[in-house]
Structures are given as C-alpha cells and as structure tokens.
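Those protein sequence lines, which keep their order, are chains A and B. 1 is the number of the first residue of the first sequence in this note's numbering; add one for each residue after it. 1 is the number of the first residue of the second sequence in this note's numbering; add one for each residue after it.
None of the hints are false.
Cross-link-like lysine-lysine pairs, in silico, BS3-like; alpha carbons within 25 Å at most:
1) B/K3 x A/K44
2) B/K16 x B/K38
3) A/K62 x B/K3
4) A/K27 x B/K38
Estimated spans, in silico, between C-beta atoms of each pair:
5) B/E10 x A/K44: 18 to 24 Å
6) B/Y64 x A/D56: 30 to 36 Å
7) B/E15 x A/Q81: 44 to 50 Å
8) B/A81 x A/R9: 32 to 38 Å
9) B/R28 x A/E41: 20 to 26 Å
10) B/F47 x A/I54: 22 to 28 Å
Treat the hints as calculated values from the structure; they're not laboratory data. Ideal Cβ positions, reconstructed from N, Cα and C, are used throughout, including at glycine.
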Amino acid sequence: NAGVMQNPRHLVRRRGQEARLRCSPMKGHSHVYWYRQLPEEGLKFMVYLQKENIIDESGMPKERFSAEFPKEGPSILRIQQVVRGDSAAYFCASSPLDTSGELFFGEGSRLTVL
Amino acid sequence: AQKVTQAQTEISVVEKEDVTLDCVYETRDTTYYLFWYKQPPSGELVFLIRRNSFDEQNEISGRYSWNFQKSTSSFNFTITASQVVDSAVYFCALSEAPYSGYSTLTFGKGTMLLVSP
Chain A
1 NAGVMQNPRH LVRRRGQEAR LRCSPMKGHS HVYWYRQLPE EGLKFMVYLQ
51 KENIIDESGM PKERFSAEFP KEGPSILRIQ QVVRGDSAAY FCASSPLDTS
101 GELFFGEGSR LTVL
Chain B
1 AQKVTQAQTE ISVVEKEDVT LDCVYETRDT TYYLFWYKQP PSGELVFLIR
51 RNSFDEQNEI SGRYSWNFQK STSSFNFTIT ASQVVDSAVY FCALSEAPYS
101 GYSTLTFGKG TMLLVSP
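Taking the hints into account, I'd like the entire structure generated from these sequences.
Right under this line is the structure:
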C-alpha cells in the first residue's frame, strides 16, 4: 500500500493518559500535515511539518499537543494528559512539492477519551 | 481569512434522483484551489476533484459534475442518478496559493448525503 499510513486506526485512552498517533507519508513525500475532525465538524488544520522541522503550528492547541517528523521514521502527533474534548478523528496528509494544495489523506486515527 | 460554507447539513434522496451539494467560499486571493472530498461511513477521506481559480470550465466525471462560478464564489457538486453507495459526508475545501511554499486546506462543515433504495 503506497498511500499515507496512519496507526493506530482506533485508540482509547483514559483522561490524563498520553496518546501517540503515527503517520507515514506516501513514498517520496516530504511534507506532512495533521488535521483534526471533531464530531460532526469539518477538518481543521493543526500543524504542517517537513523533515525535522515544524513549519506552521498555528492550528495546534497551545498546551498538551506536540508534533514531530524526524529524519527517520513516521511523523508523530502526541497529546499529553488527554481530556474528553480531545476525542476526535486525527487525519494525516502528505504532499510532495506543495505547489498545488493537493493533499493525500490517510484513513485517520480515531481517539476516544473515556 | 478564507472560509467555506456548506449550508446543507443533510440531504436525503431516493435512489436515481439527481442531487446538488452547494459550496460557497470566501477568499481574498486571486489564485486558489477548490476541492471536494467524500467521507464514506468507513471514515476515510476520498479525493474527488481539484479546480484552480483560473479554470472555470465545468467538469463531468461519470455521474459526478462540478459547477464552478467565480462570480458567485460557488463550487457546486451534482450527482446524477444517485446510488446508495453515494451515501457519505461530502466536504468542500479551499486552499490559497502557497506563496510561502505550502498551503493548508480550509474545509466546510460537510453535507451528509443519504441515498435510500
């Protein structure tokens, strides 16, 4: 499967625990985006990364959320001390050269906080 | 700031009916891209179409067609002879030109389409 791979597809956490969501972009893509979809809402931009760099994190909540895209390995979205309001679907998207705005989305990771 | 409005929250049709999903957008840029994505019940996002702001030609792909009208800032999506498998949430999205080397999509809230047999 040459598409954007996200895991886990479903994650259940209790309040206060940490959630780690992983995203492997399409082969040859060096741009990664994370979007969040709250229940019955559209997707909202969170963060844009290139290898080893956070380029735009204007959509990230100021606390508890962080993202990285290391030189080797997948991009990771980390949520510390999760709360019920973090329950959502988190989508990763990748693109090669970003000149067209076209993003290739993964299947999403659904986080449920109990 | 850019904005995408999908005024129809939910539409129900019977199979074989035609249905149009509306999308109105706001942007200050003269160069931008418009998208439609489909999200079936399984949850993944399926890319349907991309249109750049300089190309106002309507497009048809099988039972799908798109009507882009810059004068009214609308990018509507029509499904002809709808089928049960078309049942999904459909999102319209806008991307401004990536002058800074990247762009982000602004999504509408989506329209849920229910096609019954």
